[in-house]
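Chains as they are written, first to last, in my numbering: chain L, 135 to 879; chain Z, 2 to 76.
Treat the hints as calculated values from the structure; they're not laboratory data. Warning: the hint list may mix true and false statements.
[Said to hold, decoys possible] Just a sample of chain Z residues kept apart from chain L, beta carbon distances all over 12 Å, derived:
1) Met2
2) Thr12
3) Arg26
4) Leu28
5) Arg42
6) Val55
7) Ser59
8) Glu66
9) Glu71
10) Glu73
11) Leu75
[Said to hold, decoys possible] Pairwise CB distance ranges (calculated):
12) Pro23/Z - Gly282/L: 35 to 45 Å
13) Thr12/Z - Gly289/L: 50 to 60 Å
14) Arg377/L - Glu11/Z: 41 to 51 Å
15) Pro23/Z - Ser532/L: 25 to 35 Å
16) Arg438/L - Thr12/Z: 47 to 57 Å
Each residue gets a CB set at the ideal place from its N, CA and C atoms; glycine is no exception.
For reference, the chains in residue letters:
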Amino acid sequence: MSLEPKRKEEGEIAAKPPLHPVAKRTVTVAVAGNPNAGKSTLINAIAGSRLHVGNWPGVTVEKKEAVFSFEGQTIRLVDLPGTYSLSPYTQEEIIARDYLVRERPDLVINVVDATNLERNLYLTVQILELGLPVVMALNIYDEAQAKGYKIDVAGIERMLGVVVVPTTATKNRGTKELLEATLRTAADPGAHRPQRLNYGSDIEAAIAGLAAGLQEKYPQTAENYPLRWLACKLMENDAEVAREVRIDPAELANEPLAHLRGAHDEDVESLMADTRYGLAAGLTREVLHKPELRKTEMTEKIDRIVLNRFLGIPVFLAAMWLVFKLTFDLSTPFVDWLDALFGGPLKLWTAALLGVLHAPVWTVSLVNDGIVSGVGFVLEFVPVIFAMMFFLTLLEGSGYMARAAFVMDRAMHAIGLHGKSFIPMLLGFGCNVPAIYATRTLETPRDKTLTALLIPLMSCGARLPVYALFVGVFFASHAGTVIWSLYVLGIILAIVMGLIFKKTLFRGETPVFIMELPPYRLPSFKSLCLHTWEKGKHFLVKAGTFILAFSIVMWFLINLPWGVHNQADSYLGKTGRVIAPIVEPLGFGNWQAASSLLSGLMAKEIVVGTMGEIYAPHGNAAHDQAPPPSFGSQLKGIGSSFVGAVRQAVANVTSTFGIASLSLGGMAGSSSLTTAVRHNFTPLAAFAFMVFVLIYPPCIPAALAIAQELGSWKWFGISFFYQIVLAWGMAFIVYQGGRLLGLGG
Amino acid sequence: MNLAMLKPGETGRITAIGAIGPLKRRLMDMGVLVGEEIMVRKVAPLGDPIEVKVKSYSLTLRKKEAQGIEVEVLK
């Protein structure tokens, strides 16, 4: 293109390339490309653990950045969201194009899928319009070669005026050459100016007319934006751009443009898309030679089974069952190990340490029950989140996720969800927290929000101990049926709430379902691990802080006012007393039950623990402990129990392929607790209580996950509120309805 | 004749795109253009959406959207 790249920033970035341009400063490189072009794998291969993951300002779209040094030059790599186009219709497209237009990176690496040249080049054509120096990574090159494609790399370079480097990111091939080409181009952008693509005389005349009008009437704007690009956008009546530059395209009307509009029914936008695709198609014809005989591709063969009319759903269900089982079986032993570690030895050590320091007794309790428990609690989520993110990334990277959406879309669409929503919902049965994080696989904010709002209705594993306690006491003979009914109730409520939300909060918007089914590919192990690590770290830092703070607040609620001995007199007990009348109509209007529910906000399984302490406050464990074992033997114990956890994880995974059964053994509380529960609840009240536990806000970590994943406290509030109201309502119906039916009160 | 009426295995040439605004732009960005050949590959097990082949890659869309894409049958 003939345009000098315009730069908005003054100062560190000079207006004209200096003589030794890249020696001193950082070269900023934006990485753009289609989804499924292997962009993240390429970035992972280049930047690896130096990647920093955050969000683009104001949205929940992930932003990855890395700063590193290559051959003595500092490079800042900015990963743009994967897009098919730079039109302004999806969040990702707006982000990518705003970054390219406003931030003016020094260079763009355009990642192109060599097996799908034409559609990828459509984006390339649009990137070239911006007038920025471009280096093309012709990725997935090995697969293209394996298919027998002959790609004339020099031809692409000649026709587009950009350096093209064949890469195979999954095998880390070509990445060094890519960075070298990047530095060469950045060092002398003038010599690597992309070709200006010719859109045909009619369109070119209109562009020229618009550009001239812009320069005349809006010299400042013309200076600040890539002129040709701006002219194209105004010609296409791009509302987003017109609003930003505050120019009414009608003002710049000119003869060739009027002619163009007349000849194409005012639809210049379609004409431009056609023309760009025409360029991409023409280029592809020139440089790509496919073999005459096309083999049936692996993807087609796999899809014959995976997407088969009859086998599609069974295959999908089997895959989901496997992912679910593997996620939770693999992580549970480690969760238990962390639980034991934080519950036992660590507390003894901090107590011993504080004793040596002559710290007051209450600090021991604060540190142990507030902080150590809180940290332990956060860490216990880590194995689950890591395991789930690993499998989710595998599903996504392999191409199966898109198939799962294809298979399930019809069913999920009925309640206003996207086909891809099924997987996060399913994971919710294990643990709501990672499930909410899993909604990031959904594309539109609407789908993401709606799914995250409904996930808490999936009865998670932490609710099982509560059910187990009550079912064990009241419904032992029908244990399976009662627990099953709670799970089903959750699903029915999710469907009902989905329909209600669709008609209220999300009225009008119906996101379309137009999605690529990418070929099956084996993601690189390095990329998988990096993704998993990024997500896990994200959780630890962001949610962890909040959870820890909440844990400390809970400690104060239980232990204040100062010197409180009886739970009933603590702030928790007092709050419970205040809440009790509210839950009275639900059949469990005593402060003990109310306080347990309150503490259950931390985590639902805590309901049982709190009940144990409140109803049966005997045997304070801290006082009648045996003398602690030696430090060395404790360390040894921790080590060997970790080995045990690894063994258990392996055993679990292997047994996944055998028979899995839900075990309730050992979950019910102590005998004094069961006696207390029997005295304080009727069977009907117990069932109402379980219904309440099923529906009321899952736990603080899940609520925080919602706030974090949706990037707003508004949804946190809506989610919390609707669940409280729904829980109360359903428990009311169960209890009062049951009494009316004469089921006893 | 619209795209939703094609049976798996049938190919058509796109004659018109009835959609407007973002949906039309989205379709065009994905290579669904007037004059393009489009082949229906599969129908999802539950009857919707459908999988089509266009510009030598696989795309899936709901029948509702496919109904807005006019085609003439080839072969």
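Comparing the hints with the structure gives:
1. Against the 12 Å criterion, Met2/Z stays outside the reach of chain L, whose nearest CB is about 20 Å from its own CB.
2. The claim that Thr12/Z lies off the interface holds: its Cβ sits roughly 15 Å from the closest Cβ of chain L, which is beyond the 12 Å cut-off.
3. Look at Arg26/Z: its CB is around 5 Å from the nearest CB on chain L, not clear of 12 Å, so calling it non-interface is violated.
4. Not every CB of chain L lies more than 12 Å from the CB of Leu28/Z, the least distance being 7 Å, so the non-interface label is violated.
5. Listed as outside the interface, Arg42/Z is inconsistent with that label: its C-beta sits roughly 8 Å from the nearest C-beta of chain L, within the 12 Å cut-off.
6. Separation of Val55/Z from chain L is inadequate, the least Cβ-Cβ distance of about 9 Å not exceeding the 12 Å criterion.
7. Taking the minimum C-beta to C-beta distance to chain L, about 4 Å, the non-interface status of Ser59/Z is violated against the 12 Å cut.
8. For Glu66/Z, the shortest C-beta to C-beta distance to chain L comes to about 6 Å, within the 12 Å cut-off, and the non-interface label is violated.
9. Even its closest Cβ contact with chain L, about 14 Å, leaves Glu71/Z beyond 12 Å, as expected for a residue assigned away from the interface.
10. The Cβ of Glu73/Z sits about 18 Å from the closest Cβ of chain L, beyond the 12 Å cut-off, so the non-interface label holds.
11. The beta carbon of Leu75/Z is kept farther than 12 Å from every beta carbon of chain L, the shortest such distance being approximately 18 Å.
12. For the pair Pro23/Z and Gly282/L, the beta carbons lie near 38 Å from each other, so the given range of 35 to 45 Å is met.
13. Judged by the Cβ atoms, the range 50 to 60 Å given for Thr12/Z and Gly289/L is violated: they are separated by roughly 30 Å.
14. Separated by about 43 Å at the C-beta atoms, Arg377/L and Glu11/Z satisfy the suggested range of 41 to 51 Å.
15. Range check, Pro23/Z to Ser532/L: about 30 Å between beta-carbon atoms, so the 25 to 35 Å window is met.
16. Between Arg438/L and Thr12/Z the beta carbons are some 19 Å apart, a value that contradicts the proposed interval 47 to 57 Å.
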